[in-house]
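Trainee: Sequence lines, in order, name chains F and S.
Residue numbers are given in my numbering: position 299 of the first sequence equals residue 299, and the series is strictly consecutive.
Residue numbers are given in my numbering: position 36 of the second sequence equals residue 390, and the series is strictly consecutive.
Just so you know, these hints were derived from the structure itself, not from any lab.
Just so we're clear, the structure is a prediction, and the values are computed from it rather than from any experiment.
Don't be surprised by glycine CBs; every beta carbon is placed ideally from N, CA and C.
Heads up, some of the hints might be wrong.
As the list claims (entries may be wrong) - Label-pair restraints from in silico Cβ distances: (1) 70(F) <-> 494(S): 17 to 27 Å; (2) 460(S) <-> 53(F): 20 to 30 Å; (3) 184(F) <-> 514(S): 50 to 60 Å; (4) 326(F) <-> 492(S): 39 to 49 Å; (5) 513(S) <-> 332(F): 51 to 61 Å; (6) 462(S) <-> 187(F): 46 to 56 Å; (7) 186(F) <-> 514(S): 42 to 52 Å.
Claimed, not checked - Some chain F residues near chain S, calculated using beta-carbon distances under 10 Å: (8) 112; (9) 175; (10) 177; (11) 192; (12) 196; (13) 200; (14) 256; (15) 337.
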Amino acid sequence: MADKVLMKGNEAIAEAAILAGCRHYFGYPITPQTEIAAYMAKRMPKIGGTFLQAESEIAAINMVYGVSSAGKRVMTSSSSPGISLKSEGISYLAGADLPALVVNCQRGGPGLGGIQPSQSDYFQATRGGGHGDYHMIVLAPASVQEMAQLTIRGFELADEYRMTTMILADGTIGQMMEPVSFDFEIKEEPEKPWATTGTGMKRAHNVVNSLYLSPEVLEIKNIERFEKYDLIAEKEALAEEYLTEDAEIVIAAFGIAARVAKNAVNAARAEGIKAGLIRPITLWPFPVRTFKKCLGTAKEIISVELSMGQMIEDVRLATECKVPVSLCKRVGGMIPSPEEVYAAIKAAAERTGE
Amino acid sequence: MTREYLFAGFGGQGLLFSGKVLAYKGLIEDKNVSWLPSYGPEMRGGTANCSVIISDEPVGAPIISYPDVLVAMNLPSLDKFEAQVKPGGTILVDSSLIERKVARDDVKVYYVPATKLAGENGFPTLANMILMGKLLDVFSEYDMEAVRAALGKCVSARHADLLELNFKAMEIGKEYQD
Numbered sequence: 001m002a003d004k005v006l007m008k009g010n011e012a013i014a015e016a017a018i019l020a021g022c023r024h025y026f027g028y029p030i031t032p033q034t035e036i037a038a039y040m041a042k043r044m045p046k047i048g049g050t051f052l053q054a055e056s057e058i059a060a061i062n063m064v065y066g067v068s069s070a071g072k073r074v075m076t077s078s079s080s081p082g083i084s085l086k087s088e089g090i091s092y093l094a095g096a097d098l099p100a101l102v103v104n105c106q107r108g109g110p111g112l113g114g115i116q117p118s119q120s121d122y123f124q125a126t127r128g129g130g131h132g133d134y135h136m137i138v139l140a141p142a143s144v145q146e147m148a149q150l151t152i153r154g155f156e157l158a159d160e161y162r163m164t165t166m167i168l169a170d171g172t173i174g175q176m177m178e179p180v181s182f183d184f185e186i187k188e189e190p191e192k193p194w195a196t197t198g199t200g201m202k203r204a205h206n207v208v209n210s211l212y213l214s215p216e217v218l219e220i221k222n223i224e225r226f227e228k229y230d231l232i233a234e235k236e237a238l239a240e241e242y243l244t245e246d247a248e249i250v251i252a253a254f255g256i257a258a259r260v261a262k263n264a265v266n267a268a269r270a271e272g273i274k275a276g277l278i279r280p281i282t283l284w285p286f287p288v289r290t291f292k293k294c295l296g297t298a299k300e301i302i303s304v305e306l307s308m309g310q311m312i313e314d315v316r317l318a319t320e321c322k323v324p325v326s327l328c329k330r331v332g333g334m335i336p337s338p339e340e341v342y343a344a345i346k347a348a349a350e351r352t353g354e
Numbered sequence: 355m356t357r358e359y360l361f362a363g364f365g366g367q368g369l370l371f372s373g374k375v376l377a378y379k380g381l382i383e384d385k386n387v388s389w390l391p392s393y394g395p396e397m398r399g400g401t402a403n404c405s406v407i408i409s410d411e412p413v414g415a416p417i418i419s420y421p422d423v424l425v426a427m428n429l430p431s432l433d434k435f436e437a438q439v440k441p442g443g444t445i446l447v448d449s450s451l452i453e454r455k456v457a458r459d460d461v462k463v464y465y466v467p468a469t470k471l472a473g474e475n476g477f478p479t480l481a482n483m484i485l486m487g488k489l490l491d492v493f494s495e496y497d498m499e500a501v502r503a504a505l506g507k508c509v510s511a512r513h514a515d516l517l518e519l520n521f522k523a524m525e526i527g528k529e530y531q532d
């Protein structure tokens, strides 16, 4: 374990971004993600990168737009209310087909809400967040190691599909320390022939823009973008399955909720209840196939969330309501205990038992 | 084996730091570890706590409902968390800051006047590390090499003198018998 260090989840994101070749970070402080900005402030000047604390979240996301247009890897990070502010810019990034990495270390909402962990930005993240028809690729880490790993993967996906990848974390994963290894194989950054890097008088101007006043052209742009989304849904959906092979009670949970749920699944198994866990790693695209597969044995699915029930809608859609889907939740910055989730499993087992 | 530790007290007492030293010691010894701070408007004088899990298995939830070990450095923390400690668990009390005794009889309790000892030895801010020394000794896990290595990870090389003070504080805690 010599190569492992103890690091906060937020710091692991920042270090991984640097490893991935990101040399431009623009942000604005907000709990519980400020460690990302602090880490970047310390590191970027030493490696020839740019750290800039913008005057606002809106300014920061538009700086991201600028760097991305020039073909460089770039990121910003914030927490829930700040992401709402950035959403206009994220929509523009989508409309201009620009790659970027945006981190949302979620806190309780709505409004200013609180500063404790939450997952209540699921709808905002998976449906796009800003105006217009678009998606982001949404990755949901459940450990500090994954914070690092999915950051690197996030940059790759963003470049490959020319779109925003969001790391949808929460205050717990952001603040906790765990051992993390940065022993990653970093792929070479792809060429970006579309970037506005100067023509050198050798080619036509590249234009990066999200304004299309001709409805005929804009319709085609949207349809083409959704063809890309279909491809991503086909290729990139990812989930961890834990003891699902014979599971009659299947938990659906991501991020920190999945960590809690795993303890509860183990406790249920010890009592002879056939429980299992599906942990979506990509929230968009949603791992529909994994959920369909569990229908062979599942009698009930419990969506465990730090929200009033948002992912549960995708679980119902993915399983076409073929089995009951119930909700086990805490909100406002509270986290369900393994005992609460275990109680939900036990109740479901009793409901569905012969 | 899994052991769950809760360090609780005032902000500024170094509870997050001692949790980090413990977690690093676990990492050095090839264990699975997690460290989770309470975060928020806490600051010097407010309440602060951190949860550390050291396990042979991968750590599930980093949040602790029922700790095996409570290190309490102020009265509100003991009042709040005493009842949550698992039966058969362990409570370490800084008896120079907490006058009352632990009411439960199904846990092991160690009273260490850590803040007083720290002051007497000229490092009033290292009561946390005195308790840490005692804590490791209680579980016969005071491996000097691992302790020094863990401290080395948590104290920057520029502050080698602080490392020695931290180590000295831990030694005092280890030797203390109540």
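Trainee: Against each hint, give a clear statement of whether it holds in the structure.
Mentor: How the hints compare with the structure:
no.	hint	verdict
1	70(F) <-> 494(S): 17 to 27 Å	violated (59 Å)
2	460(S) <-> 53(F): 20 to 30 Å	violated (52 Å)
3	184(F) <-> 514(S): 50 to 60 Å	violated (32 Å)
4	326(F) <-> 492(S): 39 to 49 Å	holds (44 Å)
5	513(S) <-> 332(F): 51 to 61 Å	violated (40 Å)
6	462(S) <-> 187(F): 46 to 56 Å	holds (53 Å)
7	186(F) <-> 514(S): 42 to 52 Å	violated (34 Å)
8	112	violated (13 Å)
9	175	holds (5 Å)
10	177	holds (4 Å)
11	192	violated (38 Å)
12	196	violated (41 Å)
13	200	violated (47 Å)
14	256	holds (8 Å)
15	337	holds (5 Å)
The structure fails to meet hints 1, 2, 3, 5, 7, 8, 11, 12 and 13 from the earlier list, while all remaining hints are met.
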